[in-house]
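Enquirer: Single-letter residue listing:
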Amino acid sequence: MFRNTYDSDNTVFSPQGRLHQVEYALEAVKQGSAAVGLRSKTHAILLALKRSSGELASYQQKMFRIDDHVGIAIAGLTSDARVLSNFMRQQAMGSKMVFNRPVPVNRLVSAIADKAQVNTQEYGRRPYGVGFLVVGLDHTGPHLYEFSPSGTSFEYFAVSIGARSQSAKTYLEKHFESFADCDLEDLIRHGLHALRETLQQDKELTINNTAIGIVGPAGVHEGTGTSVDFRILEGPPIEVYLQTMQLKEVPPPTAPTPAAASASASAPAAPPPAAGDEDVQMSE
Amino acid sequence: MDHFPTNWGRPKYDNFDTSATYPLHNRGQNQSTTSGATQHTQQPIVTGTSVLAIKFKDGIMIAADTLASYGSLARFKGVQRLHPVGDYTVVGASGDMSDFQYLQHILDGLVISEETTAQDGHTLGPAEIHEYLSQVMYARRSKMNPLWNSLLVGGVKDGQRFLAYVDLLGVTYSASTLATGYGAYIAQPLLRKAVEGRENTLTEPEARAILENALRVLFYRDARSINQYQIATITANGAEISASLKLETSWGFAEGIRGYGAQTQ
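Protein sequences, first through last, are from chains S and H. Residue numbering for the first sequence follows the UniProt record's numbering, starting at 1 and increasing by one per position. Residue numbering for the second sequence follows the UniProt record's numbering, starting at 1 and increasing by one per position.
Treat each hint with caution, since some may be false.
[Stated by the list, open to error] Some chain S residues near chain H, calculated using beta-carbon distances under 7 Å: (1) S95; (2) K96; (3) V98; (4) F99; (5) N100; (6) P104; (7) N106.
Think of the hints as simulated: they come from the structure by calculation, not from any bench. This structure is a prediction, so every number in the text was calculated from the model and none was measured. Even glycine gets a Cβ: it sits at the ideal position worked out from N, Cα and C.
Kindly produce the complete structure, drawing on both the sequences and the hints.
Expert: Put into structure tokens, the structure is as follows:
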């Protein structure tokens, strides 16, 4: 019935000092399709893989605008995400009304982290089953944060959440040092390459299953009237970005050359796609 | 006859104590001296008079005298009516001084929660403080319980000068010279003549001289003013509020005034 004892109540620690309900909530995030975030000196962007429940169904919404200067990508329970994003919108409106100032992004993320923390401590509640990547632009520049149901939030240069996100992280860790000086187009290309790593064998990124969220000045493929505000690109407008992608590096042959073998020995090898990763099948 | 002096001059509680036989300390908890009614401010009690403010080359200058009057009585002569908020802003207040002290308390709490606690580099500038105050003032007037003040908010942040007004109704406006109270009639024309069109060239000593002159005229004309004042200077280097200063005045002309007073001819 239960995978663990000590997991029926989120207010009780296991003897190992863990809160199993909270860990299960983190699993819910891993069930959601992947989202990737990157930041340069001028931009912070989100990329997400959208699922569709069938040939005739629409694709799920993965990105939400919170305010002119903030947007999120989600992985996990969409309905929990709507609750939290409504709260974020209220916070943003409150800041505009009381101080006539766009809400600082870090405070917005801290606010939902505090909300999520309560659900990990009080009896009779459950943690949120959703993780966010939050991008925003305030007077301290562009920012990228990860929020998770355990009530933590961290700022990142680049990060990914959701199913198979470890593969995307591996890509990001390899390339993140170049992100700071990237222009928007290169940043998106890196993001798409990272997102591609989360796909199953026979799948590829299309204009239908990919969403791109941007804060920062307009890129060369965007209209001249585009402001620095958060915008979500979906469908035909992202074709131009998909075409900039380069072919995936061919996986090394079964018998690696001695040079490649020594290189892979010195650097920690990317973890192989987890065999037990119960990813929900994409039906496209 | 009510034999308890503490009841004298207070309303009777007919439902509870027809003959007022209970002394104050034996009455029910809900029987306050205002018989449970909520009291709202009907008028200011201890008041400060005009606040003046101008833009100049390097920032904002705000001036106010140090008198808090009780009606026409010059009751408290050394009250500071300029209050720094954070590193970039000064608020000057005329009107009810107890309401101003309450606002100072609110603003100090705001700086603690928004800046000292957060410490994330997001600080409140004069524009944010002014917006906040306008919301507080409007909320209170909407409860039919206004904070009886006219406030000037001035400051410099990120190279931007900011100067604006907000009052007990929540009315706001902005200009390069502002004055509250009697000063809006007496000093504002003088300030406009001296400042408008020269906001970007006036030096700090020139701006100070303009305000001192306006304060002097107000001291001659405004019966609720005093010849002691403070000037706040807010520039890119921060806010500085002067010590209490004395106005130089000359009353020789009074000799020649005829028509009222003690003269016999």
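Enquirer: All hints are to be evaluated individually against the structure, with a verdict given for each.
Expert: Tested hints:
1. S95: violated, 9 Å
2. K96: violated, 9 Å
3. V98: With a minimum Cβ separation of about 6 Å from chain H (threshold 7 Å), the hint on V98 (chain S) holds.
4. F99: Since the shortest Cβ distance to chain H is 4 Å, the answer is holds.
5. N100: Cβ of N100 (chain S) sits 4 Å from chain H, so the hint holds.
6. P104: It holds, given that the least Cβ distance between P104 (chain S) and chain H is near 4 Å, below 7 Å.
7. N106: holds, 5 Å
Hint compliance for this structure: hints 1, 2 are not met, and every other hint is.
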